[in-house]
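Asker: Sequence:
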Amino acid sequence: MVKKRGSTCLIVSSMATLLVLMLVLYGSFSAQQAASPGLTHDYQLLGRPLYKLDLSWPKYPELFTGDVFAVAVNQHAGVVYVAQRGDNVPKVLVFTTDGDFLMPWNTTTLEMPHGIFLADADSSNPTVWITDVGTGPYGHCIKQYSPSGKLLQVLGTPGIAGSGVNPLQFDSPAEIFVHSSGEMYIVDGDGGMNNRLIKLSKEQEVLWMHGEKGQGMAQFYIPHSVTVDNAQRVWVADRGNKRIQVFNSITGDWLGTWGSCFTEDAPYSVRLTPDKKYFVVVQLNTNQISLLDAPPVGVIGQCRVVSVIQLADEVKPHLVDLDLKTGSLYVAEIAGQQAQKFTPFSLGGSFV
Numbered sequence: 001m002v003k004k005r006g007s008t009c010l011i012v013s014s015m016a017t018l019l020v021l022m023l024v025l026y027g028s029f030s031a032q033q034a035a036s037p038g039l040t041h042d043y044q045l046l047g048r049p050l051y052k053l054d055l056s057w058p059k060y061p062e063l064f065t066g067d068v069f070a071v072a073v074n075q076h077a078g079v080v081y082v083a084q085r086g087d088n089v090p091k092v093l094v095f096t097t098d099g100d101f102l103m104p105w106n107t108t109t110l111e112m113p114h115g116i117f118l119a120d121a122d123s124s125n126p127t128v129w130i131t132d133v134g135t136g137p138y139g140h141c142i143k144q145y146s147p148s149g150k151l152l153q154v155l156g157t158p159g160i161a162g163s164g165v166n167p168l169q170f171d172s173p174a175e176i177f178v179h180s181s182g183e184m185y186i187v188d189g190d191g192g193m194n195n196r197l198i199k200l201s202k203e204q205e206v207l208w209m210h211g212e213k214g215q216g217m218a219q220f221y222i223p224h225s226v227t228v229d230n231a232q233r234v235w236v237a238d239r240g241n242k243r244i245q246v247f248n249s250i251t252g253d254w255l256g257t258w259g260s261c262f263t264e265d266a267p268y269s270v271r272l273t274p275d276k277k278y279f280v281v282v283q284l285n286t287n288q289i290s291l292l293d294a295p296p297v298g299v300i301g302q303c304r305v306v307s308v309i310q311l312a313d314e315v316k317p318h319l320v321d322l323d324l325k326t327g328s329l330y331v332a333e334i335a336g337q338q339a340q341k342f343t344p345f346s347l348g349g350s351f352v
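According to the UniProt record's numbering, the sequence shown is numbered sequentially starting from 1.
Here are the simulated lysine-lysine pairs, DSSO-like style, with alpha carbons at most 27 angstroms apart:
| # | residue 1 | residue 2 |
| --- | --- | --- |
| 1 | Lys59 | Lys316 |
| 2 | Lys52 | Lys277 |
| 3 | Lys242 | Lys316 |
| 4 | Lys52 | Lys325 |
| 5 | Lys59 | Lys325 |
Cβ-Cβ distance ranges computed for the label pairs, FRET-style:
| # | residue 1 | residue 2 | range |
| --- | --- | --- | --- |
| 6 | Gly259 | Phe345 | 27 to 37 angstroms |
| 7 | Gly301 | Lys59 | 40 to 50 angstroms |
| 8 | Asp42 | Gly216 | 31 to 41 angstroms |
| 9 | Tyr60 | Ile250 | 40 to 50 angstroms |
By construction, these hints were calculated from the structure, which means they are not laboratory data.
As the structure is a prediction and not an experimental result, all values here were calculated from the model.
Built from N, CA and C at the ideal position, the CB exists for glycine as well.
Could you build all of it, start to finish, from the sequences and the hints given here?
Answerer: Put into structure tokens, the structure is as follows:
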């Protein structure tokens, strides 16, 4: 009887311990959820763990009131710009990198923002470039704004879709990348009549262009995102063809293609981590953010996925940007109606 009573006590004690542990875990989970109410936090890390979710960003997620399409970071000022769409919603929300809300842009000159890019971050006059795929009187253009949302200039012919280069015309321009030299790289054709990669000089003159629709070398079908590395290479997410194409930034010559990593879903966004080791690529329909090994100078080779952030079902990640000072990754999620921040698993929380 003594042995039986002892066994019973041991079982009860173990169950009590398990119950306490479950309550602690539940409380921790609930606290994490409460830290950012309204956000979808579910995700898994596959492969090498390179990023973790920052549950505290932003501090007021309820401010997201539309479909979130793009993000841009000014690493020097510690500011994040989030572009969203919807009726009667501010098209741009401005947060700090710590998650505090700064201001909305109450501009009437934006219809349907698609891509957003922060230029001249290290200068005293940084500007924000936004591609507008709207079909109204302000659409089919690329616009430059001050950090507070004042319209500074417009590329393209407002309200008119076209393929001209003199004057410049666009049809649903997807994204712009402004190099530190002032040269611009534009992917024009988020489902419109154009399928173009255009390089403009600092004076906004066309230096070279690839504009043929197709599946061959230097042909595109819905070019969706563009970035430039430090080895004079331009990387384009050729969404409709489920591949990334690479070009020489000086001559425009075709250098290679990555396609084997994108058999299940197309690349939607492409960016480079600050340490230049990885490309960050978004796949919207599979709700994934992949990190691919960046090839050495002079080599393109085949793509290789080293890490995957598997997001919750149906959040539809669209475009991303990185804080070039800390390495933090910001993701715009259309169906999730949110932007999320991931910080690197590395010494000091930085890739730099």
